[in-house]
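This is what each chain is made of:
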Amino acid sequence: MTEPIIDVAGLSRDFTVRAPAGRLRRTSRTVHAVHDLTFSVPEGAAVGYIGANGAGKSTTIKMLTGILVPTAGTARTCGKEPHRQRRELAREIGVVFGQRTQLWWDLPLHESFRALAAIHRLPSDRAARRQAELVDRLDLGEFLDTPVRQLSLGQRIRGEIAAALLHSPRLLVLDEPTIGLDVLSKERLRGFLVEERAAHGTSLLLTTHDMDDVQRLTERILVVDHGQMAFDGTLAGLVDRVGAQRVVVVDLLGGAHGAGAGAEVGGAGGAGQAGGRAAGVPDLHGIPGTELVAVEADGLRQRLAFTPGLTTAAEVIAAVAARATVRDVAIEEPDIEDVVRRLYLSQ
Amino acid sequence: MNPLRTYVVFAALGFRRYSAYRLATAAGAFTNSVFGLLRAPITMAVIGAAGGELAGYGALEGATYAWLTQAVLTPVNVWTWNELALRIRSGDIAVDLARPVDLQMTYLAGDLGRAAFQVLPRGLPPLLVGALVTGLALPTTVLPYVLGLIALALGVCVSFACRWLVNLAAFWLVELRGVLTLHMVAVGALSGLTVPVHWFPDWLARIAAASPFPSMVQAPVDLLAGRVQGIEALGVIGVQVAWFLGVLLLGRVVLARGVRRLVVQGG
Amino acid sequence: MADLAPYRAVLSSRIRSQLAYRRSFALDVAGSAGVGLLEFLSVYVIFTNVTELGGLDFAGVALVFAFANLGFSLADIVVGHVDALPTYLRSGTLDAFLLRPLSVLGQLVTSDVQLRRLGRCAVGVAILAVALPQAGIDWGWGAALLVVAIPLVGAVIFAAVFVAAAAAQFWLVDGAEFTNAFVYGGSNAASYPTSVFTTPLRAAVTFVLPAAFTAYLPTLLLLGEPGPAWTPAWLGWFAPVAAVVAWAVALTGWKAGLRHYTGTGS
Numbered sequence: 001m002t003e004p005i006i007d008v009a010g011l012s013r014d015f016t017v018r019a020p021a022g023r024l025r026r027t028s029r030t031v032h033a034v035h036d037l038t039f040s041v042p043e044g045a046a047v048g049y050i051g052a053n054g055a056g057k058s059t060t061i062k063m064l065t066g067i068l069v070p071t072a073g074t075a076r077t078c079g080k081e082p083h084r085q086r087r088e089l090a091r092e093i094g095v096v097f098g099q100r101t102q103l104w105w106d107l108p109l110h111e112s113f114r115a116l117a118a119i120h121r122l123p124s125d126r127a128a129r130r131q132a133e134l135v136d137r138l139d140l141g142e143f144l145d146t147p148v149r150q151l152s153l154g155q156r157i158r159g160e161i162a163a164a165l166l167h168s169p170r171l172l173v174l175d176e177p178t179i180g181l182d183v184l185s186k187e188r189l190r191g192f193l194v195e196e197r198a199a200h201g202t203s204l205l206l207t208t209h210d211m212d213d214v215q216r217l218t219e220r221i222l223v224v225d226h227g228q229m230a231f232d233g234t235l236a237g238l239v240d241r242v243g244a245q246r247v248v249v250v251d252l253l254g255g256a257h258g259a260g261a262g263a264e265v266g267g268a269g270g271a272g273q274a275g276g277r278a279a280g281v282p283d284l285h286g287i288p289g290t291e292l293v294a295v296e297a298d299g300l301r302q303r304l305a306f307t308p309g310l311t312t313a314a315e316v317i318a319a320v321a322a323r324a325t326v327r328d329v330a331i332e333e334p335d336i337e338d339v340v341r342r343l344y345l346s347q
Numbered sequence: 348m349n350p351l352r353t354y355v356v357f358a359a360l361g362f363r364r365y366s367a368y369r370l371a372t373a374a375g376a377f378t379n380s381v382f383g384l385l386r387a388p389i390t391m392a393v394i395g396a397a398g399g400e401l402a403g404y405g406a407l408e409g410a411t412y413a414w415l416t417q418a419v420l421t422p423v424n425v426w427t428w429n430e431l432a433l434r435i436r437s438g439d440i441a442v443d444l445a446r447p448v449d450l451q452m453t454y455l456a457g458d459l460g461r462a463a464f465q466v467l468p469r470g471l472p473p474l475l476v477g478a479l480v481t482g483l484a485l486p487t488t489v490l491p492y493v494l495g496l497i498a499l500a501l502g503v504c505v506s507f508a509c510r511w512l513v514n515l516a517a518f519w520l521v522e523l524r525g526v527l528t529l530h531m532v533a534v535g536a537l538s539g540l541t542v543p544v545h546w547f548p549d550w551l552a553r554i555a556a557a558s559p560f561p562s563m564v565q566a567p568v569d570l571l572a573g574r575v576q577g578i579e580a581l582g583v584i585g586v587q588v589a590w591f592l593g594v595l596l597l598g599r600v601v602l603a604r605g606v607r608r609l610v611v612q613g614g
Numbered sequence: 615m616a617d618l619a620p621y622r623a624v625l626s627s628r629i630r631s632q633l634a635y636r637r638s639f640a641l642d643v644a645g646s647a648g649v650g651l652l653e654f655l656s657v658y659v660i661f662t663n664v665t666e667l668g669g670l671d672f673a674g675v676a677l678v679f680a681f682a683n684l685g686f687s688l689a690d691i692v693v694g695h696v697d698a699l700p701t702y703l704r705s706g707t708l709d710a711f712l713l714r715p716l717s718v719l720g721q722l723v724t725s726d727v728q729l730r731r732l733g734r735c736a737v738g739v740a741i742l743a744v745a746l747p748q749a750g751i752d753w754g755w756g757a758a759l760l761v762v763a764i765p766l767v768g769a770v771i772f773a774a775v776f777v778a779a780a781a782a783q784f785w786l787v788d789g790a791e792f793t794n795a796f797v798y799g800g801s802n803a804a805s806y807p808t809s810v811f812t813t814p815l816r817a818a819v820t821f822v823l824p825a826a827f828t829a830y831l832p833t834l835l836l837l838g839e840p841g842p843a844w845t846p847a848w849l850g851w852f853a854p855v856a857a858v859v860a861w862a863v864a865l866t867g868w869k870a871g872l873r874h875y876t877g878t879g880s
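Chains as they are written, first to last, in our numbering: chain A, 1 to 347; chain B, 348 to 614; chain C, 615 to 880.
Don't read these hints as lab results, they were simulated from the structure.
There are no misleading hints in this set.
For each label pair, taking beta carbons as the anchor points, the in silico distance ranges come out as: (1) L618(C) <-> L592(B): 51 to 61 Å; (2) L467(B) <-> T38(A): 49 to 59 Å; (3) Y635(C) <-> R121(A): 26 to 36 Å; (4) A9(A) <-> A373(B): 43 to 53 Å; (5) Y635(C) <-> A236(A): 50 to 60 Å; (6) A373(B) <-> G720(C): 31 to 41 Å; (7) T878(C) <-> P123(A): 33 to 43 Å; (8) W844(C) <-> R436(B): 52 to 62 Å; (9) R121(A) <-> A373(B): 39 to 49 Å; (10) L618(C) <-> A128(A): 13 to 23 Å; (11) T38(A) <-> S717(C): 29 to 39 Å; (12) Y635(C) <-> F15(A): 40 to 50 Å.
Every residue gets a Cβ at the ideal spot worked out from N, C-alpha and C, and that includes glycine.
Required output: the full structure, derived from the provided sequences and hints.
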């Protein structure tokens with residue numbers, strides 16, 4: 001049996017925080033950023049690592065990649081000890097920190113690729129092919145010559161991911177990669193990652209705040225809270241455990257199937273009022289797997305809650321579209337804090 | 348609010364801004380002391396090589412000169428300062444100019460506040476080290492110190508006026524590094540920071556005398572050391588005041604020009 | 615050498631981007647030359663008043679000054695950029711270094727190159743060109759070797775001082791002010807004959823911070839002069855030893871600093 005790509009046992013990390021207390025003295029207290037984590041990820045898997053801010057996600061990533069030394073316990077990444085075998089490990093992993101850059105800030109993007117190809121000692125034809133592939137699939141062509149500091153967030157993240165994958169690592173670690181991106185960019189990025197994994201079998205460790213990332217990209221979730229493992233299983237299992245629901249918000253045109261010209265309701269709905277539909281607005285009760293939780297603006301905006309795993313947002317929207325003309329759709333996620341809170345309440 | 352009080356507020360702000368940097372101030376005082384430790388023996392060796400006296404400096408006076416220059420160079424701020432240039436470049440200067448206070452005066456007040464903070468923590472340590480290592484030849488009466496502190500304050504003012512003027516180049520130049528370096532080099536060369544102006548050969552002494560730079564460092568150092576006293580000291584102070592007012596006024600004229608250019612061309 | 619290729623890639627980009635803006639690069643070089651000339655001005659003014667300092671005449675002191683400045687600016691061009699470490703620590707760039715299969719110090723050193731310091735280099739070379747013929751040197755292969763070797767060994771020593779100062783930033787907050795005392799103080803001490811210092815101070819700038827080995831002691835060899843008490847001229851032959859020791863200290867400090875960083879987190 002092959003070795004797991006990530007193997008963590010009893011991993012802990014403490015920080016000493018000093019704060020001034022009064023004029024001259026300072027108190028110091030120990031913060032257990034990560035406490036006694038144990039989990040193992042087989043090669044080829046995709047794991048989502050979620051938790052609230054400050055839960056210890058970035059600290060774990062740092063220990064797995066060799067940036068930080070554990071206070072206790074062991075971590076092995078790609079079969080290596082991250083801190084001691086930092087350089088060998090760096091050849092086999094690619095890391096993207098959403099809020100910090102690994103690229104060369106004031107140089108054009110293609111220079112970063114050139115430097116990384118040299119750093120990883122990639123033969124030039126292989127590097128060129130790989131770069132062309134990534135540039136094509138991540139749509140980097142139009143800003144290859146732009147200095148990294150002038151790129152938009154979405155462009156930069158795509159560049160970072162390409163840079164992290166240039167040397168075809170066995171493991172890709174993404175720390176909050178979609179933070180700050182718009183919906184379209186997020187979806188394109190997720191699509192790329194799914195394809196990449198299918199094509200090359202790259203393992204994925206993804207920390208995120210976004211349940212959509214988790215659902216699209218991973219098969220397994222680790223939930224960490226205050227440095228400790230709170231859940232290790234599938235998304236369906238988690239949703240089952242906490243009963244979290246997603247909400248589809250549809251803006252409709254009045255009248256069944258379209259004849260509702262002129263019924264312009266401003267996008268900003270007023271306070272939700274259940275019940276009270278205007279004449280001609282379709283009834284969205286009874287769509288399988290959903291629960292109608294709110295009807296607003298005389299029925300022109302309605303909210304349907306559903307449990308992921310039992311049905312999908314796409315199915316719900318399709319079902320609504322079969323009954324009415326949909327003008328606009330939004331999907332509200334259960335947020336991470338909510339999930340984690342429910343997780344603790346359910347224990 | 349009476350304008351004088353406004354400027355006092357700005358001075359207090361300048362003071363407080365710098366008083367927050369406690370570690371950097373301590374480190375800076377350490378650096379000043381180390382430099383004094385190096386420059387004092389060099390200065391004394393020169394005087395020794397000249398036969399024990401050079402332009403009125405004996406060995407102890409030479410050492411005192413070296414320690415005093417280290418003590419005053421921080422309040423006088425001979426190194427680069429580019430706050431104003433940055434605000435001009437970013438366009439934030441427009442916000443500053445819209446305020447109902449005189450821009451140059453508020454900056455001056457802030458700079459004096461900064462100097463007021465730095466005088467003691469950056470000035471005393473090198474003098475203490477100097478007193479212990481080489482000994483200091485300082486006056487025993489009060490008047491030289493009073494005149495010396497006035498000269499120090501004026502030295503700060505002259506330095507400010509020059510730095511202000513140099514920063515105004517940002518209205519016309521994109522890359523200021525060259526101008527700032529040139530200014531720093533001129534100050535370093537002509538203010539008496541490393542060798543006393545009194546040791547300059549004639550041609551260099553004439554250039555220095557035609558510049559505001561000796562008023563920044565050599566003037567306060569001479570008065571604090573008691574090298575120049577009485578009426579002569581008042582003369583030195585007079586020269587400082589003249590340079591201060593002259594460069595200050597020039598700074599106001601150039602600012603107006605710069606603002607007009609900004610308004611006409613659009614920030 | 616294959617192993618240098620990754621460092622070369624970034625370095626060549628930096629060089630190209632610095633040379634791209636011709637006019638501002640020229641201004642920078644001129645500015646750096648100006649700073650070098652300014653420092654020499656002090657020496658010049660001194661010698662308009664006296665004929666010898668610390669046992670050397672104007673040509674001799676000019677040699678010491680020029681060798682020290684040349685060594686310092688050569689080191690500054692290649693290694694000077696390590697003083698950006700505090701900025702890299704704050705911005706998380708150091709983490710990016712740790713995630714690459716390269717030595718962190720190597721990446722830090724090659725992350726930039728200060729070509730504009732060539733101005734100061736040029737000033738040093740110019741002073742040497744003028745002072746060497748006037749210094750009364752007994753020319754031969756030994757002297758020629760010394761002239762080439764002194765600034766190179768001096769550069770190696772100053773580079774070690776830069777690295778040690780950078781390593782200190784792992785522990786200090788706002789530490790640059792503190793280490794400047796040693797870096798620039800060392801450069802200042804190196805530019806003058808250390809015979810002007812009292813014995814304790816001379817020992818400090820010879821055996822603790824090896825400033826005297828960068829210029830003064832080897833120059834005494836070149837001039838055939840004896841040295842001051844406790845630091846005789848023949849010590850000048852040991853300048854390469856001083857360089858090795860300096861680097862050993864600097865690298866030890868650097869490794870310890872990196873261990874401290876990964877041990878305590880940022």
